[in-house]
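Starting from the structure of chain Y, add chain U where the hints point.
The listed protein sequences correspond, in order, to chains Y and U. Mapping of the first sequence onto the UniProt record's numbering: position 243 corresponds to residue 243, and the numbering continues sequentially without gaps. Mapping of the second sequence onto the UniProt record's numbering: position 117 corresponds to residue 117, and the numbering continues sequentially without gaps.
Don't take each hint at face value.
Which residues of chain Y face chain U? A partial, calculated answer using Cβ under 8 angstroms [as the list claims (entries may be wrong)]: (1) R131; (2) Q150; (3) L152; (4) P164; (5) F198; (6) R199; (7) A206; (8) L208; (9) E212; (10) L215; (11) G216; (12) L219; (13) I222; (14) R223.
In case anyone wonders, no lab produced these hints; they're calculated from the structure. Predicted model, so just to flag it, every value in this text is computed and none were measured. Backbone N, C-alpha and C fix where the C-beta goes; we use that ideal spot for every residue, glycine too.
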Amino acid sequence: MDATILGFLLLDALQNGVIYGLLAVAMVLVFAVTRVILVPIGELMMFAPLSLVWLQGGKLPGTLGLALALGALWALLERGRGRGLPLLGGVGLLLLFLLARGSPALAYPAAIFLVVYLGVASYRVFFQPLREATVLAYLIMAVGLHVAYQGLGLVFFGPEQYRPEPLLSGEVLAGLSWQGVLVLLFALLAVGGLYLFFRLSLFGKALLAAAENRLGARLCGIRPEEAGMVAFAIASLLAALAGLLLAPLINAAYFMGFMLGLKGFVAAILGGLLSYPVAFLGALLVGLFESFTSFYASAYKEALVFLLLVPALFFQSLRARAVEE
Amino acid sequence: MSLLAVRNLTVRYGALEAVRGVSLALEAGEALAVIGPNGAGKTSLLRGLLGLARAEGEVRLQGEPLSHRTPEALLQRGVVLVPEGRALFPGLSVEDNLLLGGFTRLRKGLREDLERVYRLFPRLLERRRQPAGTLSGGEQQMLAIGRALMARPRLLLLDEPSLGLAPLMVREIYRILGELKGEGVTLLLVEQNAKVALSLADRGLVVEAGEAVLEGKAEELRQDPRVVEAYLGLAREVEEG
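With the rest of the complex left out, here is chain Y (with noise of 0.2 angstroms):
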């Protein structure tokens, strides 16, 4: 292997190992708050461009009909005043739909809030009224959902790949792309982002609160449910983002977010589903590892990246105290 090869694989690992470290951020978020893994984080991600083709194309998504359909679920579970939000999220979603057709620009923040409204309606209608179930619970339906939300991708934007065009055209040397450093800094501003809105904010610590003690929160004026929905909104908010940025680099298509979802999976659990740090550097990890595998034994790319998760959760069972449910 000289120094160019060496390079390139570095490159994408990097590129790689921002994106995975994202989703799992979002996942060990969201399992913090409200012990949901977020198994169907990789097609809310892969909404989110799929969405904006169709959007700039001129059409509106079958994704649009779904988080409206979802969005009617969630207004008729609130009562009274509960039902403003949903009902104002719908209103806003479709009229900035009509008004993004066709629109390049206009395209970028429909794809993004329909993918977040998407995110925080699932929430609500599939897991809150699942309240203190067990985490197993809240896996089968994520994995449902995962299922569903795939299926229905098939069914909105066919089995056809597609490559929005990037933000930024061109490239900085050979192998990095403008689009592929825009990627890294999102990344760069997305967890120092998160560190910050934890550590400084009364708003972050009332998430953490609500992950630590339910009743403890609730005494303190936290709605558990509420802290649920945020959570959800921002995993899904990052997942959009992510998706947007990195849809030129490796063309969308609506079985992308499993492999992409199940990767930044491995690096949260490399984390404990616990440690955002050290999610985020698992997830450098594994795409390093990818990068590398593909290298040198491409045909078993993907399930030596799985392999990883052999040893991590050897490690964790080894440092694991038992966990009350």
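For chain U alone, kept in the frame of chain Y given last:
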């Protein structure tokens, strides 16, 4: 008009009636001690009051009936619980725990309230950067009371504040509860430790097997032979030192 009036409160868990038709009234500035043995339904009474357990019966706050009770809604009306087990946030610092106690008020007057809590509990000031999970039991109880005070309660509900604490720490906690009472905070105190509870309270209510069996002024209850025998017996005197 009473600050808090409870009529015929019944709390059921499935077929089990943990609380059966208990009534009580609490004037503003007063301290009421609910005493009784382990499993008598004292904690369930508080849970039913706050809407943490399903309850029947009428609860009025300043004459206004509260039908759909949640801890969040009662917090807005100045009713705050210090629960048994304390329900702190062990991974967050002492100061963050306190600040979250004032979460619903956002920034208004949070700093002054923090200073007030630190004046009451200088120990918490020393440890304000430490994770709450590393505190001793007594310090955690101080933190739980401090966190409740950050919400500026009119009515403070305390569930077994002396449970599991060393006698010296119990005295310290009750000294501070006495100070709060002096400041006009109304206290509803649930305690197994009848002796210390009745020394602070104005009135007492004895609960046994889910029912209120005896009610009266604290000093009268302290002399009542039934209470003396069941709750203030010689064994306890020795145990409490």
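Run the structure past the numbered hints and jot down the numbers of the failing ones, going up.
1, 2, 3, 4, 5 and 6
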